[in-house]
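Taking the hints into account, I'd like the entire structure generated from these sequences.
Letter by letter, the sequence shown follows residues 1 to 169 in full-length UniProt numbering.
Hints should not be assumed to be uniformly reliable.
Stated by the list, open to error - Listed next, with one range per pair, are the computed distances between beta-carbon atoms:
hint, residue 1, residue 2, range
1, T56, P110, 39 to 49 Å
2, A64, E27, 25 to 35 Å
3, P108, A66, 27 to 37 Å
4, G20, R76, 13 to 23 Å
5, P101, T56, 21 to 31 Å
6, P28, G79, 15 to 25 Å
7, P38, G79, 11 to 21 Å
8, A122, E39, 17 to 27 Å
9, R76, Q53, 10 to 20 Å
10, R8, S112, 13 to 23 Å
11, A129, D60, 36 to 46 Å
12, K115, D60, 36 to 46 Å
13, G99, A125, 36 to 46 Å
Derived from the structure by calculation, the hints contain no laboratory data. We put the CB at the ideal spot given by N, CA and C, even for glycine.
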Amino acid sequence: MTTPPESRRITVRMFPDYAGSVLWLGEPVGYERTGLTPELIHALQSWEESYYQSLTPDLDWMSADAAHRFTAEGNRLAGLVADELGERYDVAFTSYEDGAPAGIFHSPVPASNAKAAAAFDALAAALHAKLNDEDRGQDPARQGEATGWYAWSPLADTSFGPRRREQEE
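The following block contains the structure:
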């Protein structure tokens with residue numbers, strides 16, 4: 001398995017987005033795969049639930065206080081995730097509260113939770129390998145497809161991409 005360089009910091013993003021998890025490493029990371037402590041997982045789940053309860057049907061904040069509480073708790077939890085993952089990880093959290101600064105949280109010391117660090121190391125290595133395979137056109141799910149950048153037209157619900165390569169004979 002290809003692993004990312006040890007000296008390179010790995011960024012975990014943290015935000016609620018109807019994915020069943022607030023943690024993202026290339027894709028949503030289910031809590032059962034994180035190795036995080038049960039207390040921290042419960043706090044992350046509660047924070048996400050409080051986010052949805054703080055929104056109007058039009059997805060606006062019910063109050064400025066609700067938005068501020070969301071930001072404060074997100075910052076606190078991002079710091080706790082960073083502590084459990086240790087010095088090789090950054091946890092990026094950008095609040096949906098207007099004007100709230102983005103934060104990058106990291107621990108200056110080794111992981112307080114070796115199980116979580118090992119789980120995220122494995123997830124990062126798998127993501128790194130997948131990206132390398134896609135760069136070389138070796139993603140088995142996309143054999144024979146053109147790879148590269150795509151554009152999507154939301155009104156037409158159409159995507160436009162590179163032309164398919166002709167099969168060599």
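Going through the hints against the structure:
no., hint, result
1, T56 - P110: 39 to 49 Å, "holds (43 Å)"
2, A64 - E27: 25 to 35 Å, "holds (32 Å)"
3, P108 - A66: 27 to 37 Å, "holds (32 Å)"
4, G20 - R76: 13 to 23 Å, "holds (21 Å)"
5, P101 - T56: 21 to 31 Å, "holds (24 Å)"
6, P28 - G79: 15 to 25 Å, "holds (21 Å)"
7, P38 - G79: 11 to 21 Å, "holds (18 Å)"
8, A122 - E39: 17 to 27 Å, "holds (22 Å)"
9, R76 - Q53: 10 to 20 Å, "holds (18 Å)"
10, R8 - S112: 13 to 23 Å, "holds (21 Å)"
11, A129 - D60: 36 to 46 Å, "holds (41 Å)"
12, K115 - D60: 36 to 46 Å, "holds (39 Å)"
13, G99 - A125: 36 to 46 Å, "holds (37 Å)"
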